[in-house]
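Final position of the sequence shown in our numbering is 427; the numbers increase by one with none missing.
Incorrect hints may have been included.
[Stated by the list, open to error] Subject to a maximum C-alpha distance of 30 Å in a straight line, what follows is the list of computed DSBU-like cross-link-like pairs (lysine-lysine):
{"id": "1", "residue 1": "279", "residue 2": "215"}
{"id": "2", "residue 1": "318", "residue 2": "365"}
{"id": "3", "residue 1": "279", "residue 2": "365"}
[As the list claims (entries may be wrong)] Label pairs and their in silico Cβ distance ranges:
{"id": "4", "residue 1": "390", "residue 2": "356", "range": "47 to 53 Å"}
{"id": "5", "residue 1": "90", "residue 2": "145", "range": "46 to 52 Å"}
{"id": "6", "residue 1": "341", "residue 2": "132", "range": "52 to 58 Å"}
{"id": "7", "residue 1": "318", "residue 2": "187", "range": "35 to 41 Å"}
{"id": "8", "residue 1": "187", "residue 2": "232", "range": "49 to 55 Å"}
{"id": "9", "residue 1": "360", "residue 2": "319", "range": "50 to 56 Å"}
{"id": "10", "residue 1": "134", "residue 2": "356", "range": "18 to 24 Å"}
{"id": "11", "residue 1": "134", "residue 2": "344", "range": "20 to 26 Å"}
If you are wondering where the hints come from, they were derived from the structure by calculation, not from laboratory data. Model, not experiment: these values are computed from the prediction. Beta carbons are placed, not taken as given, at the ideal position from N, Cα and C, and that holds for glycine.
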Amino acid sequence: MSRRLASRALTGAALVGALAVGPGTATAAPPSITAPAAAVIETSTGTVVYTKNAQQERGMASTTKLMTALVALDRRPLDSVLTAANYRPTAAETRLGLHAGERMTLADLVRAMMLPSANDAAQTVAQRTGGSVSRFVSLMNQRAKEEGLTHTRFTNPVGLDSSAHHTSALDLARMGALAFDNPFLRQTVRRRSITLTSGDMARTITNRNTTLGVKLPGGGQINGMKTGHTNRSGYALVGSATRGGVSVVSAVLGDPSEAARDADTIKLLRWASGLFQRKQVIRERAQVQRIGVDGGKVDSVELVAEQSLTRVVPRGEKITLEPVGVPKLLQAPVAAGTKAGSARVLVGGKLVGTVPLVTAAAVEKQSLPAAIVSGIGDHWQGGLVALLLILSGTLILVRARNTRTPAPRTATQGSPPAEPAERTTAP
């Protein structure tokens with residue numbers, strides 16, 4: 001996966017107490033925890049869903065081995081056989097009990113690092129993979145820089161305390177997400193125990209993560225990942241859980257006890273796993289819009305999604321579709337499945353993917369006689385409109401004439417005769 005996490009939505013999430021996943025989402029308030037620093041992210045999107053002093057630099061103890069494993073697995077195949085280094089751990093360190101010169105596969109050495117947190121296994125992996133421990137530590141720091149883990153610095157591959165050896169809760173959660181994305185590590189950290197072989201010798205190791213298998217509300221369970229503790233750094237734990245196809249990773253640093261560390265992790269993972277759901281945000285052949293067709297037996301055709309799209313999304317958010325690049329008109333004939341733009345799928349106003357749009361059915365070209373009839377019909381329709389306009393205009397003129405003021409009337413047949421003029425006779 002490697003460099004993918006840095007490009008995910010982490011950059012778009014504000015570092016606040018908890019993610020507000022949307023007005024349509026009804027979720028419980030984030031839990032109260034003992035750890036002085038913590039963070040939780042959703043793995044597929046990288047969304048930060050919880051932070052508490054998440055950028056504060058603190059000791060990480062044996063959670064260091066997450067990066068040790070990631071760097072080694074990037075550079076060697078799992079079946080590589082490595083020769084044990086001459087490592088002299090202190091009495092307080094956890095170790096597998098490797099003898100100098102003993103040979104073991106990288107897969108088993110990584111299992112020993114992840115489950116009981118064996119320092120001699122981590123030292124062997126670092127020395128045989130990097131050529132020297134110091135060179136391997138440089139590779140660890142290079143990887144941290146590439147992943148954008150700006151508050152993380154390594155001085156050793158096992159997690160021994162040093163003022164220059166530190167991380168932050170958010171960086172550590174992101175490291176956990178990187179490990180969760182690695183199939184071998186994801187399967188390893190969920191194991192309660194496993195038997196390792198070295199020549200004729202067999203060793204059964206046990207996972208120190210006692211939160212494994214804790215059930216989540218609504219199904220799913222805690223399935224990883226890595227413990228850590230030193231007197232100076234306190235108790236640390238990177239945890240992971242999956243529910244309904246949604247996985248979240250938590251990190252707590254500086255807890256005062258193993259019990260507090262476990263309780264904090266369980267509360268955070270139970271809460272965060274309910275914020276999201278894996279959902280089909282658009283189904284195959286879902287109708288999106290109609291588009292006009294010129295010269296066809298029908299004048300339009302439905303555009304549908306060419307494929308379905310499933311995403312991890314916040315619960316309760318509204319899904320909207322936004323057609324883009326759709327032509328104004330298609331020219332017949334049109335084959336079924338003809339591409340005609342695409343649809344952007346938005347959840348809560350945020351783009352989660354794009355699907356091509358295709359025609360739901362074929363549209364045959366109109367035959368010549370039908371086209372002629374259609375053309376004549378169009379002309380008749382235009383002529384009828386013109387005729388109606390002319391008739392309307394004529395009617396208006398006639399009415400206008402009839403309403404004018406009448407001229408003075410002249411004598412006509414049937415009118416009373418005029419009075420005769422008085423005649424004067426000369427005497």
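Now for the hints, and whether the structure bears them out:
no. : hint                  : result
1   : 279 / 215             : holds (22 Å)
2   : 318 / 365             : violated (40 Å)
3   : 279 / 365             : violated (40 Å)
4   : 390 / 356: 47 to 53 Å : holds (51 Å)
5   : 90 / 145: 46 to 52 Å  : violated (30 Å)
6   : 341 / 132: 52 to 58 Å : holds (57 Å)
7   : 318 / 187: 35 to 41 Å : holds (37 Å)
8   : 187 / 232: 49 to 55 Å : violated (32 Å)
9   : 360 / 319: 50 to 56 Å : violated (20 Å)
10  : 134 / 356: 18 to 24 Å : violated (52 Å)
11  : 134 / 344: 20 to 26 Å : violated (49 Å)
In this structure, the hints that do not hold are numbers 2, 3, 5, 8, 9, 10, 11, in rising order.
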